[in-house]
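J.: Protein chains in written order, with the working numbering: chain H, 339 to 555; chain C, 51 to 94.
Read the hints as simulated data drawn from the structure, not as lab findings. Among the hints, a few may not be true.
[Claimed, not checked] Example chain H residues on the side facing chain C (calculated, C-beta under 10 angstroms, incomplete): (1) 353; (2) 422; (3) 454.
[Stated by the list, open to error] What the simulated footprint calls covered on chain H by chain C, stretch by stretch (three residues with Cβ under 8 angstroms from a Cβ of chain C suffice, anywhere in the stretch; the number is not a length): (4) 370-380; (5) 433-444; (6) 536-542.
Built from N, CA and C at the ideal position, the CB exists for glycine as well.
Listed below, chain by chain, are the residues.
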Amino acid sequence: MRGQSFLGGAALGFLAVGAYVGLVASPPDAFQGEYVRIMYVHVPNAWVAYVAFAITCIASALYLAKRTPVYDYVAHSATELGVVFTGLALVTGSIWGRPVWGTWWTWDARLVTTAVLFFIYLGALLVRGLADDPQRGARLAAVVSIIGFLDVPVIHYSVVWFRTLHQPASLTPGDTKMALPMLAALLLGLLAFTALFAYLLTLRIRLARAEDTGEAA
Amino acid sequence: MGWVALAYGIVLITLTTYVLSLHRRLREATRARGISTEHSASAR
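Just chain H, with the same shape it has in the complex (with noise of 0.2 angstroms):
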């Protein structure tokens, strides 16, 4: 509890220092103008969404394997938060499209693969709440979670294997791609989102349990 209060202070103090840096102190883009922006959440949410669904797919596969509730409650909770993120992924992602590409949506690779994995995941949630049965709908929204975890990797190699608009990875090992000031405010809305998403999965993963024993700690 004291923990979870840590952690939610601390993504608060790295999302308002973020929101500094991106909002005020770094410069705009030579070719995105003050657009540049909006990349310091929509990169973060889509960051995000990529870890929630990997937790759930690792959670989702030991649940299937060992029937223990905790993964169960872990695999839903990050369910849910990663719908929210790449909802926001693909929102913030079309505002930025609208004054730079000149369009909110394209059906480009990248945009298809990633709206594809929100629906597969909604898909999950509407599997587990449909259900009769709440452990035989925890079963089948674990063998969809698996399963359309697979998109992940399309989704990101998918600036590599097609032609899109979509422009490729900016952070690479050895190979970054951006300005100094750049790249601090979006490192800095990583570690920011990063801390949030910690924070809201355990106090999710709380209400999971609560929900299902009665215990909130």
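The hints should help you fit chain C onto chain H, whose structure is shown.
T.: Then chain C, alone, in the frame of chain H:
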């Protein structure tokens, strides 16, 4: 800056609403379980 404000605003509102809803659901779940346990105890 309008598009930037829109993007940051949507992220802020969505995540704040989500955090508040998680806290509310957690309080309700804990309270509901507490009431249910009291009912079981009084029935016995």
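J.: Does each hint fit the structure? Answer for all of them.
T.: Against the structure, the hints come out as follows:
1. Hint status for residue 353 of chain H: holds, given a least beta-carbon distance of 9 angstroms to chain C, under 10 angstroms.
2. Among the interface hints, the one on residue 422 of chain H holds; its C-beta lies about 6 angstroms from the nearest C-beta in chain C, closer than the 10 angstroms criterion.
3. Interface restraint check: residue 454 of chain H against chain C, minimum CB-CB distance 21 angstroms, threshold 10 angstroms, status violated.
4. Restraint check on the segment 370-380 of chain H versus chain C: 6 residues with Cβ-Cβ distances below 8 angstroms, three needed, restraint holds.
5. Counting residues of the segment 433-444 of chain H whose beta carbon lies closer than 8 angstroms to any beta carbon of chain C gives 4, which meets the minimum of three for the stated coverage.
6. Figure legend: the segment 536-542 of chain H, annotated as covered by chain C; annotation consistent (3 residues with Cβ-Cβ distances under 8 angstroms, at least 3 required).
The structure shown violates just one earlier hint, number 3.
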